[in-house]
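Quick one: dock chain against chain with the hints and give me the complex.
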Amino acid sequence: MSAILELENLTKYYATQKAVDDISFSIEKGSIFGLLGPNGAGKTTLLRMITGIFYPDSGHIQFDGRAFNPTEDIIKIGYMPEERGLYKKMKIGEQALYLAQLKGLSKSESLEKIKFWFKRLEMETWWNKKVEDLSKGMSQKLQFVTTVLHEPKLIILDEPFSGLDPLNANLIKDEIFGLAQRGSTVIFSTHRMEQVEEICDHIVLVNLGKKVLDGSVQDIKQQFKENKFSIQLSTPSIELFSQAFTIVEIKDKELIVKINEGYKSNDVLSYFLNANYTIESFQEILPSLNEIFISLVESTHATTRAFQKV
Amino acid sequence: MNKISLIIQREYLSRVMNKRFLLTTLLMPILMVGFFAGATFISISGKDEHKIAVVDNNGFFKGNLQDTKDIHFKFPENVDTTNYLQKGYTDIIIIPKFEGTTKTNYIIRSKKRISIGSEDKISDRINAAIEDKLLQDAGINRGELDSIRSKSRFAELKSLEEGTGENAKESNAALSYGIGFGSGMLIYITMFIYGAMVMRGVMEEKTNRIAEVMISSVKPFQLMLGKIIGIGAVGLTQFFMWIVLILGLIVAAQFFIPHDVMQQVNTLQQYNGQLPSGGNMAQAGEAAQKIYKLQHTMSTANWPLIIGCFIFYFLGGYLFYSSLFAAVGSVVNEDPQDAQSLMLPITMPIIFSFIIMTNAVQDPSTSIATWASIIPFSSPMVMMARIAYGVPGTVPYWQLAASMISLILGFLLTTWLSAKIYRTGILMYGKKVTWKELGKWAFRKS
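Sequences listed follow chains A and B, in order.
Counting in the working numbering, the first sequence runs from 1 upward without gaps.
Counting in the working numbering, the second sequence runs from 1 upward without gaps.
Since the hints were made in silico from the structure, they are not lab data.
The model shown is predicted, which means the values in this text are computed figures rather than measured ones.
For glycine and all other residues, C-beta sits at the position ideal for the given N, C-alpha and C.
Among the hints, a few may not be true.
Examples of chain A residues lying across from chain B (beta carbon under 8 Å, computed) [to be verified]:
1. Gly30
2. Ile53
3. Ile74
4. Arg84
5. Met193
6. Glu194
Next up, chain B with everything else stripped away, as it sits in the complex (with noise of 0.2 Å):
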């Protein structure tokens, strides 16, 4: 036992002391959050400056339409198709005349092709500016109508769930949603890493012909068995660095927001959304009202259950996983290409499981969903993909069980046989292993 517990100093030690491995743990979330970032602000900002001259024959648009950040609608006199490019305009539109309620087609000519982000930002402000007219028309006014409508917009679905006991339970589908999706991400991604670390580092050990200093020293399956452990603690080590980092910069941003609003956030949270002396939630200054609201959907999640299952089925993934590496690894010699072909049957149930968990986490209840929430290859992402819908709503108590279970007799499993074959493949040189030797050394009394 001690020599194991050196081993996985060695292997834990080493990998965690060192430059790298602090600049990835620090780096991967801000990267991950600039990536995001990146990406919506790429899509959003798409600066397509429209200088539109609007030829308007109902004569009511003028002074109604309004323009956005990039689009301005101009009406100028003497303008038509044939001379808006040279004064100047980059489009043109012919508004014509309209009947009753008919659905009209208005024409926009344009140098460039309009983006499709444009089209409908501005067939929305035309159509906004039609509605105006005819309510105007109707008699109604505008700023009526606009207060009247942020007083409803106040009704909003609570959905709740039957629970066991007298309440039923708060859920929110778009919470969950990304619980679910983001910790079987999480998950597939962190069994990838240290699942090919610990495969590396096995055969470091066999092509740096270290495996036979070793062995002299200490059984396979002590060597085995520390470096897998050792290579998770890293894992977890990474994983406990994140949640503070991320807990940090959530403490940090607190810091950023006002003071008013954050009192506003306060009495909101003391009355439950409902400010006393008959006032409403639109008296809140509308960033209080964000931040409320996303405190609130945010605790509706039960974070104990969450974060102690994710615990427990990363490690059970990696467990399970990491051990098949381990026997890949011992087995493949100089070509490292043969480390290609071997791994596939491992990476391919990860992969089909990724996919699994996507269906899922959309529809949490569907048979395949549930068995490959049970089926050890698979529990891990979808599982959790389930778990984030409520338990036990969604995910009765003896289907966790059951999944909790056969993923520990699993990992005992994997580790068992692939014991067997790391102990015979890391000492074996020049021959290159074929599969059946691979099921006789397994299935072979030691």
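So here's chain A without its partners, still in its complex pose (with noise of 0.2 Å):
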């Protein structure tokens, strides 16, 4: 598997902070990526140099292969930003083949996709609505149709949930999903960590402009935990004690130990066997990115980004 985008030692500096501090990180083909971090982190700087609209201060864009250049990578790129817009006046179907055309493709395809796309997500007879008619649901999936039309490489997707109601979240993300699937990359951005852990395979978390996790989810998640295990029993525990494990929490038949240093799960497994328990499951609790994301950024005091000297 190559990668379709590489990012080396990418900064640029903002006359009040350095917004991105050195980054470097590489993204597979066809993967799903989460970019992640808090307010203020750097993300929408890092993707506005992904797609173009910024010059890095220093570093270098590799591009499918070859050094990014902007005017003619354009079209293989679909950037949905976090601020929605469209051109309030304008009919939709007109606003549609107007994105589309500026991508590159021409009057005739344009059409047909645009056609394609609306039967998809079920908004064939909006075509002559205006945008200013249109619900907010309603204009995140147009919004979704003018990013991904033109069959992009790579598509970014900065907070592409926010405001959706759960139906039309989940018609997006199956979506996401086919185009994974059908060989385009997803660059996803959001806070929303319960999505990422649905969604995404390989993560990025940054932080006050450097990046702070690179990896996929599942090792992420190893690279975090806490040895947590949940344990269901059939009759409630009574006086438990052991050296192999420490109790987290108490929920009638269910419990949360910690495994302790220098023991294994099998020995816990076998304290609740020797004490007669009938174990009805047992199963590793791993971190939530959403713990991980607040342990990593708390203690940075992240939450009020001060500005710095340059």
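Listed below in structure tokens is the structure:
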């Protein structure tokens, strides 16, 4: 598997802060990649550099094996910025056509694709409606369509689910999976960790302009695991004590325990078996990305990002 | 390049293909004509009826004092200042006996204050009657006098300007004034209208957040330029529609002129104002004379030059200022108050140029007028005012050339500067931008 995007030592300094401070990572083709970070971490700036809106102060971007060339590569990229925006008074069909043509598609190609996507997302009847007449969910769907219309190799979605009801969110989620399966790479930027867990293969966490985490979702969870296990017994437990573990929580028949240093999961199992409990389930609890995120970022006072001297 | 033309198309069509555009284009001239007509009408027709009782101690005004439409002079018996109102008169004039030729004051007493217009009319009429009387006494026939007068009125000042060729060209000061002022005014209005359109468009893209989506597909410069050109095209379209409308009205108006009058006009044209076989213009109908004079005066203006220059200065002025408007629009955030204060440094030069233009149109050769017609900030309006007076007479060729070149350089410069501000401002939200920062963006290497 080759990389569709490789970032090397990117920096971008604004007058008041180092928005992106020496970040490097690479993204595999066909993966769904999560770019995470608290507010003000530098995500949006990074994305704008990847889409050619900003130029990095230093560093290098490789796109699809070659040096990134905004004028040529723009047609291979689809970008849905966090701040949604469309011309209010334009009709939807017209607007999709306009944006598609700006990406370089011919008029006939654009019309074909627009019809395809509108049908797929159940938007056919909206063709002549003006954008200002749409509800928020509808305009998100429209924005999504305009982003993926030209079948870009790299699709960048900045908070695509914000404001969507569960039904529409699901629709978009399925589309994202579908796109990845068909070979597009999706970069997905958000602070909603539960969505990341559901969708992404690989994530990068940035904080204060620096890269803090880089790995597949599983690997990272493994990295931060606290050896917590959940045990479901058939009868409530009484007076447990063992060297092998510490009890974190007891909820009726369910126990959450932490395995102590030097002991293994089998030691815990043996304890309960020897104590004649019937074990209904025994499962590792990996930390949620949400917890990992908070633990990493909390200490760095990232909530209010101070202005630094550049 | 292709992308710019897509943007131009969209900006143009979205503004032209709607009912509002057609409505304003058609209504504007009608409204303006109506406005002027209405204003003139109101100022002329003051319904100020007067039934004036004249007490004439000289005995000759009766029968010699002409009424006007609203003012009626009556010569009743037994009316004086105490009873004129009861007898149904609105005013009373007492004319004392004349002594020689000294200026005499007559008193007019009225219930209502008399308007200035009526005062003038009344004193005119009285003076005319006195003149008649004096003429009569001197033995001169009024009818003869009138005929001599109208014959002598034939001599009119025909002003010729030294031209470069053999023939000195005919010129007409009133016409130059009208054209100069009119075109200067038109440029002033359109620069505001279309400049503001550009600014609003840019602000819309920013507050709608569509700027970011656009910028991921096209360069900021392409977006800005496409918008400016597209809106400029709207302006040109509207302008041409007006011309067509006006020409249409002129042609239509000709149909309302009676056939024989048109015949006379044609004859006059043929003989350049002189009818053959020794006749004179006074014999042609008055209406025909007027029409001929109008046509003749209009033809003295160098229309190709004027229209050509108008289009050049209209476009040049628009391009010069619209990029500045775009820069302002890109910097404004959600607060529209910002727009007002940022617009000020742009609107000031425009208003100032207008003031200079109103002076230049009366006296096009002052040094202020000359300089202002070359500096790109004010040249669109001021140069148009001066051109109406004649090139190369009032405006030598080198001045015209200098003005045009500096306008072109001017708008290239403002477009370049504005592009730098635009590309940074359009994506910057939330921060209020200071002038110092603007300067940094404009002059920083990108």
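Taking each numbered hint in turn, which are not upheld by the structure, reported in ascending numerical order? 1, 5 and 6
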